[in-house]
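A.B. asks: Residue numbers (this note's numbering), protein chains in the order written: chain A, 1 to 243; chain B, 1 to 243.
Calculated directly from the structure, the hints in this document are not laboratory data. Since the model is a prediction, treat every value here as computed from it, not as a measurement. Any given hint might turn out to be false.
In silico lysine-lysine, DSS-like type, Cα no more than 30 Å apart, as pairs [what the hints assert, rightly or not]:
1) A:Lys218 x A:Lys170
2) B:Lys170 x A:Lys201
3) A:Lys5 x B:Lys153
There are 2 protein chains.
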Amino acid sequence: MPNTKPFLYTSLSPALLHLYNVSQATVVIIDVLRATSTIATALYNGAKHIVPVDSVAKCIELGRQINCITAGERDGKIAEGLSYGNSPFEYSREFIEGKILVLTTTNGTRLLHMALDKGAREIVTGSFANLNAVTEYLLQQKNNVILACAAWKDRINIEDTLFAGVIIKKVRDYFNIECDASHTAVNLYEKAGGDLFAFLKENNASHFKRLMAYGLEKDIRYCLEPNQANVLPIYEAGKLKIY
Amino acid sequence: MPNTKPFLYTSLSPALLHLYNVSQATVVIIDVLRATSTIATALYNGAKHIVPVDSVAKCIELGRQINCITAGERDGKIAEGLSYGNSPFEYSREFIEGKILVLTTTNGTRLLHMALDKGAREIVTGSFANLNAVTEYLLQQKNNVILACAAWKDRINIEDTLFAGVIIKKVRDYFNIECDASHTAVNLYEKAGGDLFAFLKENNASHFKRLMAYGLEKDIRYCLEPNQANVLPIYEAGKLKIY
């Protein structure tokens with residue numbers, strides 16, 4: 001009997017995305033520290049929608065045109081000309097409810113636009129914060145899937161790989177996975193065991209270290225905690241929204 | 001005190017090699033199944049030297065010009081116009097001693113030329129077959145190191161990642177490793193445990209599957225066995241040789 005399960009691939013870096021056929025797949029954008037965690041959180045807390053943009057200039061420009069919150073970081077800090085950063089703790093319900101967030105980040109929003117340019121059939125965003133929402137959606141849709149890790153300036157990172165791993169662990173029986181990167185991710189997740197914070201620390205993970213040096217341990221711990229903002233952001237017509 | 005250890009990075013795919021500064025490093029080309037295993041074996045068995053070339057056409061051309069063995073595969077099979085393949089078992093001492101081998105492969109020799117074009121300071125080849133020779137060389141030289149996995153048509157593969165992992169496990173105390181890909185590789189190796197053949201099988205590794213389908217289980221088992229051909233091939237002036 002032919003294998004009729006949908007395929008699943010993992011792209012561990014934006015520099016590898018071109019290897020996969022995004023036009024026939026749901027692409028899950030993964031930027032655990034912190035873009036996609038923050039996207040889930042802001043929408044969970046009632047943001048009207050999020051406009052992901054791929055440059056600071058576009059973010060500022062949109063900020064002039066519409067009534068919105070402009071936010072974004074470059075190299076882990078609030079970018080010049082923008083008002084807010086990329087911490088999920090900035091987007092409490094009191095602050096963000098009913099508002100539009102225009103967001104640009106070093107890796108995550110850039111990758112989203114790359115997937116868009118390559119003609120992705122559908123784009124959603126994933127993070128531990130919305131783990132179950134992503135998992136349930138993929139299982140329910142039964143589409144082909146590409147897990148697209150944002151990495152750090154094209155260098156593979158552990159935290160995005162771990163998130164790809166946990167997704168694969170949960171859905172692998174329902175997908176055809178002929179992809180060593182996917183198997184690597186799930187083995188890394190299994191090796192990490194229960195305490196992902198400790199695992200990143202032990203392994204001297206690059207972006208973990210960078211954020212710790214900025215005093216952002218609280219952000220990291222939040223971003224590794226499953227299901228704190230269990231919604232599914234779907235990209236459509238320039239906006240990330242919950243449908 | 002500043003960290004004065006040399007750096008070590010791992011490039012899990014040729015498509016990521018540009019992220020690393022090869023001009024200041026010893027680049028270890030890794031193509032476990034089977035190019036770099038075969039290179040070690042042929043030199044161990046007395047080949048005079050090996051000329052790695054990046055195309056079948058160049059291989060044929062050189063075969064016309066000098067007295068040599070022309071060999072190479074494309075997609076795991078002997079390429080049209082060449083006489084021998086990419087199996088270590090083709091290069092016994094009886095066959096290869098004193099001869100020049102001109103070799104082209106799908107991933108490994110292509111990556112070597114890529115490292116060369118990017119100005120690598122030094123190029124050596126690594127595989128389980130020459131694990132100890134590589135490890136000892138890196139520890140002795142104390143140069144910066146880039147472990148460059150050949151992967152499969154730019155897609156990350158498990159077996160090259162495992163070999164990067166074992167090297168890192170052996171040398172990590174002597175290098176400064178700020179590289180999530182390296183930490184991923186070593187965790188994968190530790191997760192695999194003792195039986196790498198079983199690990200590749202369980203994980204449905206793509207190239208493992210491909211070679212198994214060609215009936216090459218014997219090759220795979222050999223290529224995963226440490227120190228069967230413990231020599232260090234170093235690239236110089238167009239040739240891989242033991243110095």
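A.B. asks: Give a verdict on every hint.
C.D. replies: Evaluated hints:
In summary, the hint linking Lys218 of chain A to Lys170 of chain A is supported, as the alpha carbons are separated by about 27 Å, within the 30 Å threshold. A distance of roughly 20 Å separates the Cα atoms of Lys170 of chain B and Lys201 of chain A; the hinted pair therefore holds under the 30 Å criterion. Among the hinted pairs, Lys5 of chain A with Lys153 of chain B is consistent with the structure: their alpha-carbon atoms are about 24 Å apart, no more than 30 Å.
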